[in-house]
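These protein sequence lines are chains A and B, in that order.
Just so we're aligned, residue 1 is where the first sequence starts under the numbering used here, counting upward by one.
Just so we're aligned, residue 1 is where the second sequence starts under the numbering used here, counting upward by one.
Just so you know, these hints were derived from the structure itself, not from any lab.
Be careful, since some hints might not be right.
A pair counts as met if it fits within one copy or between any two copies, since identical chains are not told apart.
Derived lysine-lysine pairs resembling DSS-like cross-links, with alpha carbons at most 25 Å apart [unchecked claim]:
no. : residue 1 : residue 2
1   : K123      : K176
2   : K60       : K49
3   : K60       : K73
4   : K7        : K123
5   : K123      : K96
6   : K176      : K154
7   : K21       : K73
There are 2 protein chains.
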Amino acid sequence: MKHAEIKQHILETASDLFYTKGYNNTGINEIIATSGIAKATLYNHFESKEVLCLAYLVYKNSAFLRDIANFCKVRGDGGAQILGMFDYLKNMYRAKDFSGCWCLNTVSEIPTENVAINAEIRKQKKLFITFIKNTLTDNFELLAAADATVLARKIYLLFEAAWAESHLHGAEWPIKEARVMCSTFFV
Amino acid sequence: MKHAEIKQHILETASDLFYTKGYNNTGINEIIATSGIAKATLYNHFESKEVLCLAYLVYKNSAFLRDIANFCKVRGDGGAQILGMFDYLKNMYRAKDFSGCWCLNTVSEIPTENVAINAEIRKQKKLFITFIKNTLTDNFELLAAADATVLARKIYLLFEAAWAESHLHGAEWPIKEARVMCSTFFV
DNA sequence: TACAAAATAAAGACTGACCTGTATTTAATT
DNA sequence: AATTAAATACAGGTCAGTCTTTATTTTGTA
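Required output: the full structure, derived from the provided sequences and hints.
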């Protein structure tokens, strides 16, 4: 395995463990045992567990934004692309490793004083809101920029609620009801 | 301090620490140091940290439901009582110890296999949804029971999103936008 | 009310396990 | 020949929970 491949392998293993078990419930020893690499190798690629956590947040959100964008863009015009987000979320929910939103989970786990991680999470969520806003302006050219920002925030809140609450309750109804609420924006 | 008072004192101290610092970031030693009691005393009242966590969840949710009910019931008729929930949340957000929703935080921290804690959290959230539903049926007597259940779930999702996202972003706009969305139900 | 008996609290040592991160030695790869 | 990885021991700390000893408080009974 090449140098860059090892780094990616560590990141993917750590991400799976952080996501499904939680950041504090995942130790470095478990990451190296699961990925089959040595402890010194991990620290050669990531200088601390916190740096690995930052890489985890970037990795998960980048993949999420890439995949949900691909999923939605082949949908029909107008609101269909936005509503497709909730269909994508339903697929996520049905995947066997679904554990809610990694950002909300991590916010709950790390101290308020950790500005690096909190800043990264807010940055990633703002990227998600921007994605929603761009999808809106692409599909509704008459929509003013300020209106798109406000509407994107509302859709974001509905999506986040569906994401977190489907996990908390172990049920799909939050996704369904959030989608219904979102659909009222496109009548 | 009497027996029952000590137990309550331990519970309140542990609840404050669990809520503001997180469950896994709060040790038993910190709870006893902050509350000024002995370790054996804590274990005399709560047989384990997990039992203390269950008591924490019941305590926080009971106080929350009691206080938000008192806050909302003096509001005007109809949707005003429901919208008052978001005003109550804004007050919570502005309190210096605001740390989001204790239930969502705890779900992120404890393993999926911990059925006792997960069941308690779902139970408490269902009590909250029932509170919303009862507020609806009290104020809209023409509302059918099935419709009230669905509407209560939608309002619940908006409230939860506002709760979690105002914490994540450190901003009030999620509460404001969720309230606006909720107000569309009462036009 | 007074006092003895029982229960409970305080203080802190202790166990065994786990944590992050470092250092060392050996093996493999480039 | 030089770099990198594996394996593992180790350091220094924290964790939940148990136990012992001493002090205090509560309670039952006279």
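Against which earlier hints does the structure fall short, listed by number upward? Number 7 - this is the single hint that the structure violates.
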